[in-house]
Amino acid sequence: MKKLLLLIPFIFLVANLLAQESVAVSLKVQGEVELSRAENKGKLTTGAELYSGDQLESKDESFAALKFIDGSTIVKLFPLSILTIKTESENGTLHKHAKLDLGDLWAKVKTGTGSLQVETPTTVVSVKGTQFLLEVDETGATTLYTIEGQVEMKQKEDQETVLVKEGEKAFSRGSGPIEIVPFNIEQMEGEINAAGDAAQTLEIKLENEAGEKRSILIELE
Amino acid sequence: MKKFIILLIITKSFLLYSITAEHIPPVAVNADQVYQVEIKILEGFSEVDRILLVYKGWEAISYQQVELEPGSATDPVFNYSWEDLTAFQPGLEYYFIIADKQGSEQFLPQVSPELNPFRVSITESVVKPGEFILLSPDPDYTSETGDATIAISYFSLQDLIVPGSIKFLLNGKDLTDRAKITSNMVLFQQRKAVPGTYSYQVTALTSDGNSISSPLWKHTVPGEIPQSELNYSGNAVITSRLRQTKSDAEDNNDDNHSFLLNLSGNYRKLKMRSRLYLSSREEIDKQSVNRYSIKLALPYLELVAGDHISYFGKYTASGINSRGLHTNLLLPYYRIYFSYGQIYRNLDGKVDSVSTNYTTYTAGTFQRNSLAFRLEVGSRKTFQFAINASKTKDDKSSLSKKYYISPTDELPFVTPKDNLVFSSDLRLALLQQNLVLGAEWAMSLYNDNTIGGAIDQDSLEADLGEDIPFDPATLENIFIINKNVSPFIPGISSSAYNLYLKWSHKTNLLNISYSVIGGSFNSLAVNYLPKDTSTLSIFDNLSLLQNRLILSLGINLISDNINDEKTATSQSSNLFTQIMYRPVGLPYFSFSYASSKAQNEAENDSEQDVITDLDLRNNNFTFNTGYYVNKINFAPTLFTLGFTNNIYSDEADNSFEYSRSSMTLAARSSFREFPLITFLSYTFALNKDVTETFNNVRNEEDYESKYHSFFCRSEFSLRDDTIAPYADIRYALETGDLQQNSLMGNIGVKALLYKGLNLKTSLGLATYENEDIEDGNYSTINFKLKLQYNF
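Residue numbers (this note's numbering), protein chains in the order written: chain U, 1 to 221; chain F, 1 to 791.
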C-alpha cells in the first residue's frame, strides 16, 4: 500500500510533465481577457497556447483573436464575452466545438476542414462556411449573422433547425420560431470595428437590401 | 535536439594495439538536420588520448579537422555534431585520426583515408506546404513595431514527426532553443525586431527517416537599418568528466574539464569572431590543447590572431594549426594570404635516470615556426592560378642542449630541421562549375639537421666539385645549407604533383585524381603526406530515383619507389563499391564491398630471393536491410538487420588470417500515446584468428571467440521535449578462447533549463570481468556534465 501511495504522486508528476496537446493559439489580446484552465485562472496573452476545455472571459473594452491548430478557423471574441473551446481529433481532422455563454463572437472558417459547432444557452450553430457573427445576451437569446456562406442554427428546446444564408440574420429566444431577416450593415459595422486594432486587415464584403456593397474591415495581427 | 541516425551501410573496425573502434556511417543525411558522427571504442578506451575528425565537402579542396567530444568508459562513444550540412552539399567525406596516449596515431579507414574516406550523401528536405500551416502572421504581414507572433502548426504531421527533431530557422539561423515547441505547434515571439525582411521555416524528421520542411515564409519590419547597430551572438560551453576505476590491481581517478566560448558579432561593416577553448588536459610538457583566436573582418580584409588552420596549397601548408598572425586580402580577382606562427611549441624532454657516471634523457621537441604565403589570381568560379611558398624551421635555441645531444657520445638524438616549399596550382571550372580540372606542383628543400648551421663556401665547393656563386652563410636566414640537405640538388625526387578532375553531370559525380610525391619531398607544414608514393584514385557516385537509389564505385592504386631507388616496389590497391536502395513504403537495403591488397615486387629478378614477400589482403562485405512498420499502431517501429564479414590475411607467408563476422538485429520504436522512444539491439560476432608463430618450430595457433551483445535504451520526452531523460544498459559476453564479459549502464538527461541554456548530464557504471587476465576485473563509474548557453 505504501508503495502505491508513493507511486500516486509520481504518476501525477509525470502526468503534469507530459504536455497536453494545444488546439489553438491566441493571435492578439487587447485589454484583459481571463483564461480559466481546470481550476486555474490567469490572464490570456498574445501567443499563448490554448487547450481543449479552456474558457476565455473578456472584460470591458477587451478582445481576443485566436486561431485553431488546423489553420481552418479564426475566432474573434468581443468585450464582455465568455467562450469555452473544445475539440476532438479524428484521423488528422480537428472537430471544433465552442460554447458561447455570453457576448459576441466572430468566426471565419475554411470549407473542407473539420467541423465547427458553436453552442449558446439556447441554440447550436453548425458552420458550413465561412463567416458569421454570433451574439448572446444575458437571457441566452442568440442572434446569428451569416456574413458569408451559410450557417445552420438549431434550437435546443424544440430542435427547430433553420439554414441561415449569407446576408441573413436569425434570432432565437430559446423557444418559439426562429426569426430570419436580412440584417443591417450599418448596425453591425459599429460593433465589429469597435473591438481592437491590429496591423492585418480582413475584408468582409456586405450588400444591403438596396444592393449597395460595403466592406467591413476586421483587423488582426 | 535529438540526432537521428538514418541508415546503416558500412561497419568498419580495426585494431590499434589494444584499441578496437567501430564507426557506422549513414548513407545519406539531411541538409538541415543535425548529423552526429559517432565512433565507438569497443576495446581499449583507456588508451585513447583523443580522436580527430578530418572532413570536407565532396567538392571542397582541403580538409578541416576538429576534435571529437570524448565519451566515457560506460558510454565509450566519441562524437561530433554538425548543426547544418548545407555548406557541404552534395555530400560529405571524412575520416578519423585516433591518437593513443603513447603518441601513436592510426586512421579509420585504415587504407588511404584521404582517398577512401567515409562518404555520406546530403539530401534536401522534402517541402510539405500543406502539412505545415502558418497560423500567424498572415503572409506578407508587415510589422510596424517589430513585434510579431510566429505560430506554425504541424497538427496533421504530429504522429509522424520524431519528437525533438523540430527545428525553427529564422533568417537561416537555428533559433529552436528560443522557440516554444509543442506537440503540434511552433511558437516564436519576435520582439522589437530591427527593420528588415525576416524569413522563417520549420524542418523536422519523420519516423520513416525522411526530412521534411515547411515553405519559407516572410514578413517585413519597415524602416531603415540603423548603421550604428552592434550585434553579437555566441555560445559558452562547460564540460566536465569524472571517472573512478576500481580494480583488483589498483584504483584510479581521472577527470577532465573544459570551457569553450564562441563569440561573433558586427559593428557596422566590421565583423568579429573569436574562440576561446581551455582544457584541464593542457600540460606544460605536451603540445598545447588550449585554443585562442580572434578574427576581424572588413570588406576585402581579414585578420586572425591566435590559433588558425590555413590552406596554402595541398603540399605547401595545410591542415596544421598555427598559433600566430594570419592575414587575408580578398579582392575580386586577386587574393593574398599570409600566415606566420608556431606550429609546435618547445618541450624540454625528461630526465629518465641519473647515475654516478651518466644521466639519460628523453628527447625534447624544438619550437617549430612556419611562415606561409599564397597569391591567388582569377576566380574559383572560372579560372584561378596561385603560387605558394612556406618556410618551416625548428628553433635550435628553444631547447636545452641536454635534451637533444647525447652527453655520452655528443651525437644528437633529435635534430632541428629547416624546410622550404614552393608550389603553384591552377583550377579551371567549366559548365557552370560542373566540370573542374586542376593541377598542383610543388618542390621542397629540406635540411634534416641544422645544428652546425650553414656550411662555408669553400667546403661546399669542395663537396660539389665546382664553384658556386654564393656563400651559404649569407642565405642562413632563408635556408640553412649544409651536408644534411636532402636532396642536395633539388630534382624530381624532391617534387610532388597532383592532377584532378571532378565532373558532375545531372546526378552523377565523378572524381579522378593522380598524385605523385617524391621520396625526398618534405613539407613540415602539411598534416599528413605519404612520401615516395604515386596514387591513382577514381570514384564515381550516381544517384537515381530522387536519391532513393545510390550507386558508388571507386578504386585506388598506390605504389611507392617512385625513383626506383629501392630493391622492391610496394603496391596496394583498394576497390570498393556500394549500392543503397530506399523505396517508399518498402524495406530498404544496402550492400557494400571493399577489397584491399598490398604486395611487393623486386626491381630485379636477382633480388626477388632477397626481399621479403608481401601479400596482404583485406576483404570487407556488409549488407543491411530495414523496414519501418507503421502498422504497429501503438509504437511504429523501424526494424534493421545488418551483416558484416571481414577477412584480413597474409597470402604470401600465411603467417596470419583474421576473420570477423557479425550480425546485428535492432528495433527502434516511437510510442504514439506516450513520449517514449526505445532502442533494442542484439549483436553476435564470430572472431577467428589463425597465426603462425616460431619457437624453433613453426606452429599454428587458433583463437576463436564468440561475442554477444545486448543493448537497450529508452528515451523520454517531457514538457514539450524540454526535458529528455534516458537510460541504457548493455551486456557483452565473449566466450571461446577469450572469456570476458562486461555490463554497462547509463542514466542521463538533456534539458532546456531556460531559453538558450541547455544541460546534458549522465552517470554511468560499468563492470568488466576477464578470466584470462589475472587481476583483470575492474569497475568504473563515470559522470559527465555539459552546460551550454547560446546567446
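Misleading hints may appear alongside valid ones.
Here are the simulated BS3-like cross-link-like pairs (lysine-lysine), alpha carbons at most 25 Å apart as the crow flies [stated by the list, open to error]:
| no. | chain 1 | residue 1 | chain 2 | residue 2 |
| --- | --- | --- | --- | --- |
| 1 | F | Lys-295 | F | Lys-271 |
| 2 | F | Lys-218 | U | Lys-110 |
| 3 | U | Lys-59 | U | Lys-110 |
| 4 | F | Lys-295 | F | Lys-350 |
| 5 | F | Lys-417 | F | Lys-483 |
| 6 | F | Lys-286 | F | Lys-218 |
| 7 | U | Lys-154 | U | Lys-165 |
| 8 | F | Lys-101 | F | Lys-246 |
| 9 | F | Lys-483 | F | Lys-350 |
| 10 | F | Lys-350 | F | Lys-402 |
| 11 | U | Lys-41 | F | Lys-180 |
| 12 | F | Lys-180 | U | Lys-43 |
| 13 | U | Lys-43 | F | Lys-218 |
| 14 | U | Lys-43 | F | Lys-755 |
| 15 | U | Lys-110 | U | Lys-43 |
| 16 | U | Lys-156 | U | Lys-86 |
| 17 | F | Lys-101 | U | Lys-86 |
| 18 | F | Lys-218 | F | Lys-192 |
Source of the hints: derived by calculation from the structure; they are not laboratory data.
(message) If you test the structure against every hint from before, which numbers come out violated?
(response) Of the numbered hints, 3, 4, 6, 9, 13, 15 and 17 do not hold.
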